[in-house]
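Colleague: Protein sequence lines, in the order shown, are assigned to chains G and A. What the first sequence shows, in the working numbering, is residues -6 to 843, in sequence order. What the second sequence shows, in the working numbering, is residues 13 to 383, in sequence order.
Simulated from the structure, these hints should not be mistaken for lab results. There could be a bad hint or two in this list.
Below, a sample of chain A positions facing chain G; criterion: calculated Cβ distance under 7 Å [said to hold, decoys possible]:
id, residue
1, S106
2, W108
3, L113
4, L134
5, A135
6, G140
Even glycine gets a Cβ: it sits at the ideal position worked out from N, Cα and C.
Here is how the chains run, residue by residue.
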Amino acid sequence: MALFRALVLGYARNGALRAAFTLIAVAVGVASLFAIDLANATAIASFARSVNVLSPHVNLQIVGAGRGFDERTILRVQRIPGVRVAEPIVTGELGLDERAGPFAGTVLNTIGVDITRAALPPGVRIAATPHVNLGNFIDGNGVLVSDRFAAREGLRVGSTLRARAGGEPVRLRVMGLIPARRVGIDAFVAFVDIATAQQIFHEVGRLDRIDLDVDPRRLSEVRAALARILPPGTQAIAPKTRQDQVDRMLASFQMNLTALAYVALLVGGFLIYNAVAISVVQRRNDVGTLRALGASRAQILRVFLGEGALYGAIGSAIGLALGALLARYAVAAVQTTVSTLYIGSHADGVRFSLALAVKAYCVGVAIAVASAAIPALEASRTQPALAMRERGVSERGLGRLLPTASIAAAVLLVAAWLCSKLPAVGSGIPLFGYLAGALCIAGIAALAPVGVVMVSVLLRAVAGERAVGGLAVGFLRGSPRRYAVAVATLSTAVGMMLSIGILVASFRTTVAQWAYSALPADLYVTPLGATDASSRGGFPGAVARKVAALPGVRAVDSIRGFSVIVRGDLAELGATNLASFTNRRKLPFIDAPSPRRLGELMHGRDAVAISEPFAVHFGMRVGDTFHLDTPSGRVALRVVALYNDYSTGGGTFMMDESTFRRLYKDDTLDSLAIYARPGVSLDRLRGRISDALRPLRARIESNRELRGFALGVFDRTFAITGALYAIGTLVTILGTIGTLVALVIERRREIALARYLGLTRDGVLRSVLLQALAIGVVAAVLGTALGLLLGRDLIFVINRQSFGWLIGWNAPLELVLQSIFLVLAIALVAALYPAKLAADIRTLEALRVE
Amino acid sequence: MNRVARILRPAAAILALLAMQLGMALGAQSWRIARAPYRYVFPRDHFAHDAYRTEWWYFTGQLRGRDGRRYGFELTFFRIGIRPHPYRVEPGASAWRAAQLYSAHFAITDISDRKFFYAETLARDALGQGYASQRRLLVRVNGWSLRGNAATEPTMHLHASARGDSMDLSVVPEKPPAIEGPGGISRKGACPSCASHYYSFTRLRASGTLRVDGRREVVRGVAWMDHEYGSDELSPGQVGWDWFSIQLNDRREIMLYRMREKNGTTTPQSSGTIVARDGRPTYLSPRDFHITATGTWRSPHTHALYPSGWVVRVAGISEPLRVVPVLDDQELAGVGATYWEGAVRVFDARNGRPLGRGYVELTGYAGAISL
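The task is simple: from the sequences and hints, build the whole structure.
Modeller: As structure tokens, this is what we get:
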């Protein structure tokens, strides 16, 4: 301990600023990891609660296709021996804010349960007041809302909740508040009685689902009995099926985010390496003395590892506090993504978790100790006598380094290429994709010493033996390994940022193109309250005919969609009048016959067009056939076309309206796409449609608004990458400052000597900036290469395997130039402080020791 | 025009006022109130009475297995009216809309093993989930049931099962129904509506099977049934009641209830009945009986403090009765209400001689009870 105090603490006091840099870098890394972990955990929690809220005992669910199934099914189900509880459920969404867009805004996920069967999660109960009881809850359209929602909307027990269901106004009486946090339920979940739910969502006589608590010993017996009695189109599934799919999608998304958080942490690790290396360099003398006085190697090793651990411990502690603050922002970002891509779910505030805090802290400390290990080892190898006599030169020659580095780089990059060819592990986890990314980073880092040597050769050729250039060349050639670390840090950071930039740019361009081709109509009409294709409360079928008859309307496409189960997994089914959409090339087809032939193949037939994510997920191609349970029984659907789709994370497939009506006997509509006659004012047409729909309320949007909206959603989704970009830049600057400071300190003698031999203060400044620029140039070249490699990995391997999205490559030149500029700027900005430090070296003082 | 308006406006106001009063009067009359004189008509009055807000069929009893093991049981069916008339079937109305709710409580006291088990179930009058007939003796709540034939003294069948424990019991009256309270009503308080129609089968011969802890037991014993219906029986000041049913070995039975007020006093309308060997009832006023609690029991589940153990003196019964719970913990902490309903043994307080058995019900100790 005394040793530690002497070597580390005393030094830290003197180098307070450097210590602060290192701590901040570690803190930022740990903070982003912690914040993203918290955000991910929160998103899962609210999501898990919205899907399978009711009871942990539910081990079987009966689900229907489309508009649910006959409610009397439950009577037969309840009579099956082994069925302990059968809960009827009708779900829907209540819209609250008319200004809400089709994907966002305030929507209450409303669950209708048989309130008398105590089917509510523990802790959710009807308020016990003289005016509220079970009877008037059922009779008086009672609703249970979360306390947080009530606070937001200014509701109390006894208040009236005004909302819209499928475009129609609904009034419910608040008859109880759910302590959302304690119950562990999403703030935007509400419970009503099943009678109320059936009436407001126009589901009278039907159920969406029956949750079963089945004696586990009789599960197979019950399944067999269910198979005999369930009406066509319904089936019994394990509740896991739903959750599995969601877990998988979330896992992919979260892996992407977590990978980003580790960028910051990785840079933090480089920084610790540097910080400890600096302190080793600076105290070589002291270390030598201590060794001479009898300190063992192990003792020295422990001291410097301890220094790393200390940085890790303090930095991580600050990081946790910072992360807690960042989490709120991260939650919002993650939540936006999760709810827009996957399902209408809402953030319920950050839920702090001790386990995640401990994890982030441990990762921070572990990376710190690991990063300190190399310089600590180096310090422990210090020869007592040698260190006392001379200092500075600690690097061996370049002879072995260059070939080793080149071979390592080649091996790593080839391995990365091989990994990128391997398929996803399990269901959609692109493990090898991530491995390929990691190998790319390592491979490019291995090239750093080669780059340093090349640039020093180049510099010498340009600068000759002139003093400024000479000093810089001397620096670079003197300790290529140390410079290589600086270059690797910088290029890794910039490469990762560039790759994310390329991914976002490519994705955005692709989405924009898709939005353009997928939204060809002039106006889109959706009922108020509906938030996505799977939500309840559509228009009656007659609405389409009514709108089509309006003056100024050229054609109307009606769209119907909901979740179905394909091969035991959820998928989205869409139905529309195919004849018109094939003419107008509504879907961006990848593999399809001519429009006329497609119309012939699909019109009224058991044929579908599938989306690319659907094809990837289910492993299907054009020409394949799959089975679907519908209210008309099991049908074999032939895949006749393939199209691209970015609207949801899951797979979608489309069938012709006539096929749909025949199979599902359902003519409600989720939305209408309206084509105007040329020259008709869209504003006036909007008014006419709105009048014609009364008393139904609808949201009418132009294609421009929707496209803008889609891109808006996209930009919000990727806003978090912007934040990580900024964090990455900050950490990189800190890291580069640290490295350069170490080098300046290490080269104090040479600088002093140069000054003594006549180099001006200005000359020293310029030479440090020149070497920084040299580092920047190498890092720019390597970073750009890394960025392009990682970008391809992200787009063609990782995202394709985890989401099934086909993203077109788009690496805009500005982006590449911007990142090159960024590297050089970072290098130069980071060099300012070390340059000043170098220029301030007092010649005589530095030389006096000689 | 103005003049017409001036005349019409007050007229409209008066009309509105009248309409309001009429509406209120109609509203008040919407549930039928238990009033004297009331003449029971059997078997009709064994069936459901949907015009009253609340109704229950309450079975308690003590049973003995072939090997001598002893059990107490409670099986109660409740009907809670949401509205006095059935729903008019309107187009677009959900079939789950219901005018009645049904609930049932089932408890078994395993006296020999000193264990207590209870369960409850709740259903609405929709899609066959819950049902009580007004034309015959049939009550069903999620598969639990009470069925009886159309006799004045009907043979009744009880069935309940929960989590593997179940009971199938036939009960046969050994005495005619005993009307509780003069004039066909049982008063609970001072207000006009504070009364119910209440009669009991005070001695039922019971036989059937129990399934407890995985054991199947053929059982015999003696049971008690209360059937009670009324609307707005409790007045706001009342917090609950203590109710005693005692079956003496000399084939007489005693029913006592003490309505408790918030301030700790006993409602003057509390009362009781002694049923003679031939079934003739003698009505007791609060002056005719005296109940003294001799101990307390604190529930580990709800932390409610209940009296436990009593000495009961009743005019017309020569012995002072010591009433002892067979088990302290016979509390039902349910979703609807929390109360204590337990099997008791009855001794001569002077010498400890066994005199009979019975059941005690204690409500309102874990928060005020509401019907």
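Colleague: Hints first: check each against the structure and report whether it holds.
Modeller: Consistency of the hints with the structure:
no.	hint	in the structure
1	S106	4 Å, holds
2	W108	4 Å, holds
3	L113	6 Å, holds
4	L134	5 Å, holds
5	A135	6 Å, holds
6	G140	6 Å, holds
Consistency with the previously given hints is maintained throughout, with no hint failing.
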